[in-house]
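Q: Chain by chain, the residues:
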Amino acid sequence: MKAILDAGPLIAAWDKSDAYHHWAQTTLKKYSGPYLTTELVLGEVAHMTGKDAAIFEGVRTGRFIIGGSLKTDAAAMQRVLFACAHRDLADASIVALSEKEPHLPVLTSDKRHFSTHRRADQTALPMVAPQ
Amino acid sequence: MSDTMTLGRRRTVRFAADIDRQIAARAAAENKPVSEIIRASVLAGLQMDGLTAGDWIVSLADEPARPASPARQAFRKKYLARHQ
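Chain order of the listed sequences is A and B. Be aware that the first sequence starts at 39, since it is given in this note's numbering, and climbs by one per residue. Be aware that the second sequence starts at 8, since it is given in this note's numbering, and climbs by one per residue.
No lab work stands behind these hints, which were simulated from the structure alone. Among the clues, some could well be false.
[What the hints assert, rightly or not] Dumping the calculated PhoX-like pairs for lysine-lysine here, alpha-carbon to alpha-carbon at most 20 Å: (1) A:Lys54 / A:Lys67; (2) B:Lys84 / A:Lys54; (3) A:Lys149 / B:Lys39; (4) A:Lys40 / A:Lys138; (5) A:Lys149 / A:Lys109; (6) A:Lys109 / A:Lys67; (7) A:Lys68 / A:Lys40; (8) B:Lys39 / A:Lys54; (9) A:Lys54 / A:Lys68; (10) B:Lys84 / A:Lys149; (11) A:Lys68 / A:Lys149.
[To be verified] Beyond 12 Å from chain B on every Cβ pair, some chain A residues (computed): (12) Ala41; (13) Lys54; (14) Pro72; (15) Glu82; (16) His141.
[To be verified] Here are some chain A residues pointing at chain B (derived, C-beta under 10 Å): (17) Phe102; (18) Arg117; (19) Glu137; (20) Glu139; (21) Val166.
Cβ atoms here follow ideal geometry from the backbone N, Cα and C, with glycine treated the same way.
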């Protein structure tokens, strides 16, 4: 099953000390992919996990599909960023992606922040997050 | 039917609409014929060892990562404080 992938589940799946490690692994097995994501998200994951080679492999094999960019989604991302100070660029890229693929679930471990995010039509993201 | 007979045979394959869109978008982005995108994607799929993307991610949890610098370790602490 396809899904939009935020950084948190990927970081947690690859880090056994992460509080959401078990949740992430179970969720990723359920939403089997491929995963729509952004280079901003993958950059965050690479910085946090050091698994650069795996990220290259995931993109090369089509497991990660790059669904947007700063250039193509600039307007949507700026709107998200200006709407709330606690959003970062990677968050904004996920919201922009969800506006383009509104029916895909968004896998995130950041329920607190993502529950406040709204798309251009003011709908909430269809979020899959830890309880 | 042998593998040799299968190779080169013209086939009609129907894709779901979302897959069609992905193929068309990739072909446009890479300025390549649709057939080439499909061929490359099928080959990539065959090389995935039967693992879904989710299973593949989970399988990498024990793989070694690039060593973390002190700066990255400090950033991770801040990240965890923000997200958990």
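Q: Next step is simple, just say for each hint if it's right about the structure.
A: The hints, checked one at a time:
Restraint check for A:Lys54 and A:Lys67: the C-alpha separation of about 16 Å stays at or below 20 Å, so the hint holds. Restraint check: the Cα-Cα separation between B:Lys84 and A:Lys54 comes to about 15 Å, which is no more than 20 Å; the hinted pair holds. Between A:Lys149 and B:Lys39, the direct Cα distance comes to roughly 40 Å. Violation of the 20 Å bound is thereby established for this hinted pair. A threshold of 20 Å between alpha carbons decides the hint, and for A:Lys40 with A:Lys138 the separation of about 14 Å falls inside it, so the pair holds.
Note on A:Lys149 and A:Lys109: the hinted pairing is violated, with a Cα-Cα distance of about 27 Å set against a maximum of 20 Å. Straight-line distance between C-alpha atoms of A:Lys109 and A:Lys67 comes to about 32 Å, which puts the hinted pair past the 20 Å bound. Among the hinted pairs, A:Lys68 with A:Lys40 is consistent with the structure: their alpha-carbon atoms are about 10 Å apart, no more than 20 Å. Between B:Lys39 and A:Lys54 the alpha-carbon distance is near 41 Å, which puts this suggested pair outside the 20 Å criterion.
The suggested pairing of A:Lys54 with A:Lys68 holds, with an alpha-carbon distance near 19 Å, which does not exceed 20 Å. Distance check on the hinted pair: B:Lys84 and A:Lys149 sit about 18 Å apart at the alpha-carbon level, within 20 Å; holds. For the given pair, A:Lys68 sits about 19 Å from A:Lys149 by alpha-carbon distance, which is consistent with the 20 Å threshold. Non-interface call for A:Ala41 relative to chain B: violated, since the shortest CB-CB distance, roughly 9 Å, does not exceed 12 Å.
Separation of A:Lys54 from chain B is inadequate, the least Cβ-Cβ distance of about 7 Å not exceeding the 12 Å criterion. Residue-level check failed: A:Pro72 sits 5 Å from the nearest beta carbon of chain B, not beyond 12 Å. The Cβ of A:Glu82 sits about 8 Å from the closest Cβ of chain B, inside the 12 Å cut-off, so the non-interface label is violated. Separation of A:His141 from chain B is inadequate, the least Cβ-Cβ distance of about 9 Å not exceeding the 12 Å criterion.
Annotation: interface hint on A:Phe102 holds; nearest CB of chain B at approximately 7 Å, less than 10 Å. Annotation: interface hint on A:Arg117 violated; nearest CB of chain B at approximately 22 Å, more than 10 Å. Interface restraint check: A:Glu137 against chain B, minimum CB-CB distance 16 Å, threshold 10 Å, status violated. Satisfaction of the interface hint for A:Glu139 is found here, the shortest Cβ-Cβ separation to chain B being roughly 9 Å, below the 10 Å cut-off.
Proximity of A:Val166 to chain B is violated relative to the hint, the smallest CB-CB distance being about 12 Å (cut-off 10 Å).
Checked against the numbered hints above, the structure violates hints 3, 5, 6, 8, 12, 13, 14, 15, 16, 18, 19, 21; every other hint is satisfied.
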